[in-house]
Amino acid sequence: MGNDFYRDETGRRFHPLPAIVIESLSKVYRGRIRPAIDSLTLEVDRGEFFGFLGPNGAGKTTTIKILMTLLKATSGRAEVAGYDVANQPLQAMGQVGFMPENPGFYPGLTGRRHLRYWASLYGLNRSGLDQRIQEVFSEVGLAEATEVKAKAYSLGMKRRLALAGALLADPPILILDEPSHGLDPQGMAFVRFALQELHHQGRTIFLSSHLLGEVEKLCTKVRILNRGKLIKVGTPREITQATGNSKRTLEIETKGVDSNIVEKLRKVVGVTSVDLQGTTLRVSGSMSDELVADINRQLVDAEVLLLSSRRLEHSLEEAFLELTGDRS
Amino acid sequence: MLPVAAKEWKTTFLSLRLVIVVVVLALAILGSTFTNTSGSPGTSGTPEFVTYNFEYSPDLNTSHLAFASFAAAPTGEHLSGKLVQLVNSTTRSPGGGFVKPSYNVLSTNSTDSAGWVRFTNLWSTFPNMTLGIAYPDLKEPPYCCIDTHRQLSATAREEGWAIWQELSLAGSSEKIFSAVFLDTLGVPLSSSDVFILQVINASSLPRDFSTYSPPGGWTSQYRVGTTDSSGYYINPKPYGSGLFIVHMNKGGLNDTVVFGSLVPSTTPAGPDGALYSAGSFFIPLILPLLGQAVAYDAVAGEKSEGTLELLLSKPVSRYGVALGKMFGVFGSELAPVVAIILGSAGLIWIRTGQSPTASFLFGFLASAIFLSISYSLLFLVISALSRSLGIALLVSITFLLLFGFLWNIVTILIAGLVGPSGSIPWFQAIVATSLVSPTEIFRQFLSYLAGGLTTASGTLYVPPSSWLAAGAIAWIVGPFTLFVWAMKYRVTEA
Chain A
18 MGNDFYRDET GRRFHPLPAI VIESLSKVYR GRIRPAIDSL TLEVDRGEFF GFLGPNGAGK
78 TTTIKILMTL LKATSGRAEV AGYDVANQPL QAMGQVGFMP ENPGFYPGLT GRRHLRYWAS
138 LYGLNRSGLD QRIQEVFSEV GLAEATEVKA KAYSLGMKRR LALAGALLAD PPILILDEPS
198 HGLDPQGMAF VRFALQELHH QGRTIFLSSH LLGEVEKLCT KVRILNRGKL IKVGTPREIT
258 QATGNSKRTL EIETKGVDSN IVEKLRKVVG VTSVDLQGTT LRVSGSMSDE LVADINRQLV
318 DAEVLLLSSR RLEHSLEEAF LELTGDRS
Chain B
33 MLPVAAKEWK TTFLSLRLVI VVVVLALAIL GSTFTNTSGS PGTSGTPEFV TYNFEYSPDL
93 NTSHLAFASF AAAPTGEHLS GKLVQLVNST TRSPGGGFVK PSYNVLSTNS TDSAGWVRFT
153 NLWSTFPNMT LGIAYPDLKE PPYCCIDTHR QLSATAREEG WAIWQELSLA GSSEKIFSAV
213 FLDTLGVPLS SSDVFILQVI NASSLPRDFS TYSPPGGWTS QYRVGTTDSS GYYINPKPYG
273 SGLFIVHMNK GGLNDTVVFG SLVPSTTPAG PDGALYSAGS FFIPLILPLL GQAVAYDAVA
333 GEKSEGTLEL LLSKPVSRYG VALGKMFGVF GSELAPVVAI ILGSAGLIWI RTGQSPTASF
393 LFGFLASAIF LSISYSLLFL VISALSRSLG IALLVSITFL LLFGFLWNIV TILIAGLVGP
453 SGSIPWFQAI VATSLVSPTE IFRQFLSYLA GGLTTASGTL YVPPSSWLAA GAIAWIVGPF
513 TLFVWAMKYR VTEA
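Protein sequence lines, in the order shown, are assigned to chains A and B.
Our numbering applies: residue 18 is where the first sequence begins, and numbers increase by one.
Our numbering applies: residue 33 is where the second sequence begins, and numbers increase by one.
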């Protein structure tokens, strides 16, 4: 199966070039004025698990469609595995497995027939094909349903079949548009597990998702797109730390807090709000180390019993909402 | 390209069942049309055959004779010295005709030098019988019928009577006109004057047309010749379509006959004609419909199912996908098209024992394949450019109605503005406007194969092959290019 995997000295597979390069890419749809993506530039390194975030209409799917040669860019260029998608689409598409947001199937074909058809489009030869198909089916947990027609598949099974199709040619790069969309919790857990596994195999994964929890857990790098422009790049931690500085919360389990103490804490410089519910005291503010120490000291001075105290991390979701300016 | 074609073929050859139903239905309909069109085989295929005039005279109270004359086609040569039989029917067929094995030979006589044979005293010698005259060399039932059951009338009119006949030219669809002029005793009236007048408006004819004469009478301007020694007049030229009055006159004896439509036929004779009449009606109805059924969802269907994005993101060129779709669609149609046409030819062979000529069959098949491919390409373009399956269906049906049915009317309306119906400019306008629709191009191809159409003046108009070829090529290359372009640049653009 001809792809451009290389192996390093430890035997781990890698791709020699940046997996995806996007340079000043713009797309204006016919009859529209506002570009769907506007001078987008980004690079996805080999082996990266890349989370592509953005609200609806931010341009994520447009970007993916240009990468997958489904749309022509108005200007700019994009490379997949070192191949320009506009000029060398066949080479580029040979290196990538794709799962669109709403993958479709031929209702009358069985799972196996689907894979056979797709394999023929990759030009995969007959010898070993059946074995490869079986392998892929096992990998996505669909081995039981290979002879069932697609019209009888559940949504989860369809996603698995689409993933099997993406993996068929053993591509070094996977581009997945909302792979968990519409799945039940078990389905989502499966996708998460499968993607982690695929990443460990050395593949570059380009994941577009609305599920920020999923992205936060999986991705090594996140890019946030809004209104066609890239507004943030970084690891999930970098992004959460770079945002929400003025709005962090210290959560303290206590015994013996009364309203006097709450009032006192509210007057501490840097504290924006104090909220007491039962034995749980939530103090919000910038929550610098000094401030946390100061609050703790005040509580100790007031002879309050401290059972536990932790600074709550700002979640990627909060960071995302803050960055995209949509906190409604 | 090949996997796409194979996949398309498999899905669009949708139910093999549907195709089988279509083919069987097509053959059944074609089969039933042949009953009407195949006719008697070999009327024009026999190199030399005999045409005969036959009359009998129940009005003559003396001899009650029957007489017939025999002439060879196409020359009109009188067949002398031939043995002719007077036969009687033992069983009468429902139509009143003779069935060959079921008659008895009563008497034989040979034709005279002018091809005439006479049998006399029929009513007294063979009373209460159904008689006929048979020419044994002719592979047809005896000429029917003299009914000696019938009462005789007493009067014998002293007048001439003319019998007209069409002589078919052997191996050709053209016919020439012949007439024989006799007195009531059956004596040929030689050197009689023969007048022919084309009737422009048939409704102006009096009911008893034998009294008709043109304004100013039968003057020499209508005179075309005289009868020969055997009372024959043979007009060597084929006549155009229309109605003709023939007046014959010698001394005090005269008669007038009417014959119509000696058309140089626009439908070829025999098996070709059978295929032609089936083709001009049925094929342009079924093939575009078949094309629509298999092509309109070839791309739009994948778009609405969501399979198109997966297909186009595989390492296959758009051109390859476009070609694959085309060949898949053509492949599903080719089998029924070839089956319908070869099946039709086979049916004709079974019914008549003759098969259509190879050139006609090939031309017909090529025209049908053109029809099929051009419509498929058109519907593929619609399929690729439509946003949804519903739009593809609606637009393709609109085009089907427009090109398959309405355009025929439009061509006639436009041609009506150009010239009077049946004139050469009218025909040219018809052909020119026909080039807009594949169905009409197909029909013009058939006219071309049939040797042309008869104009009002009786000549043939053959559609220019260069026009038809240009139209056909445009209808293949245009949609092909448009479809490849649409697959390359439009199909996934929102």
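Please note that the accuracy of each hint is not assured.
[Stated by the list, open to error] No more than 30 Å apart at the CA atoms, straight line, and that leaves these computed lysine-lysine pairs for DSBU-like:
(1) B:K42 / A:K175
(2) A:K238 / A:K89
(3) A:K89 / A:K284
(4) B:K520 / A:K246
(5) A:K89 / A:K175
(6) A:K284 / A:K272
(7) B:K520 / B:K42
(8) A:K234 / A:K175
(9) A:K249 / A:K272
(10) B:K42 / A:K168
(11) A:K89 / A:K246
(12) A:K249 / A:K238
(13) B:K42 / A:K166
(14) A:K89 / B:K114
(15) A:K175 / B:K520
(16) A:K234 / A:K246
(17) A:K238 / A:K175
[Stated by the list, open to error] Computed from the model, here is a short list of chain B residues facing chain A with C-beta under 8 Å:
(18) T339
(19) G385
(20) E525
By construction, these hints were calculated from the structure, which means they are not laboratory data.
No residue lacks a Cβ here, since even glycine has one placed at the ideal position from N, Cα and C.
Tested hints:
no., hint, result
1, B:K42 / A:K175, "22 Å, holds"
2, A:K238 / A:K89, "26 Å, holds"
3, A:K89 / A:K284, "58 Å, violated"
4, B:K520 / A:K246, "28 Å, holds"
5, A:K89 / A:K175, "28 Å, holds"
6, A:K284 / A:K272, "21 Å, holds"
7, B:K520 / B:K42, "23 Å, holds"
8, A:K234 / A:K175, "24 Å, holds"
9, A:K249 / A:K272, "42 Å, violated"
10, B:K42 / A:K168, "17 Å, holds"
11, A:K89 / A:K246, "18 Å, holds"
12, A:K249 / A:K238, "11 Å, holds"
13, B:K42 / A:K166, "15 Å, holds"
14, A:K89 / B:K114, "87 Å, violated"
15, A:K175 / B:K520, "28 Å, holds"
16, A:K234 / A:K246, "24 Å, holds"
17, A:K238 / A:K175, "28 Å, holds"
18, T339, "4 Å, holds"
19, G385, "45 Å, violated"
20, E525, "6 Å, holds"
Of the hints listed earlier, those the structure fails to meet are numbers 3, 9, 14 and 19, in rising order.
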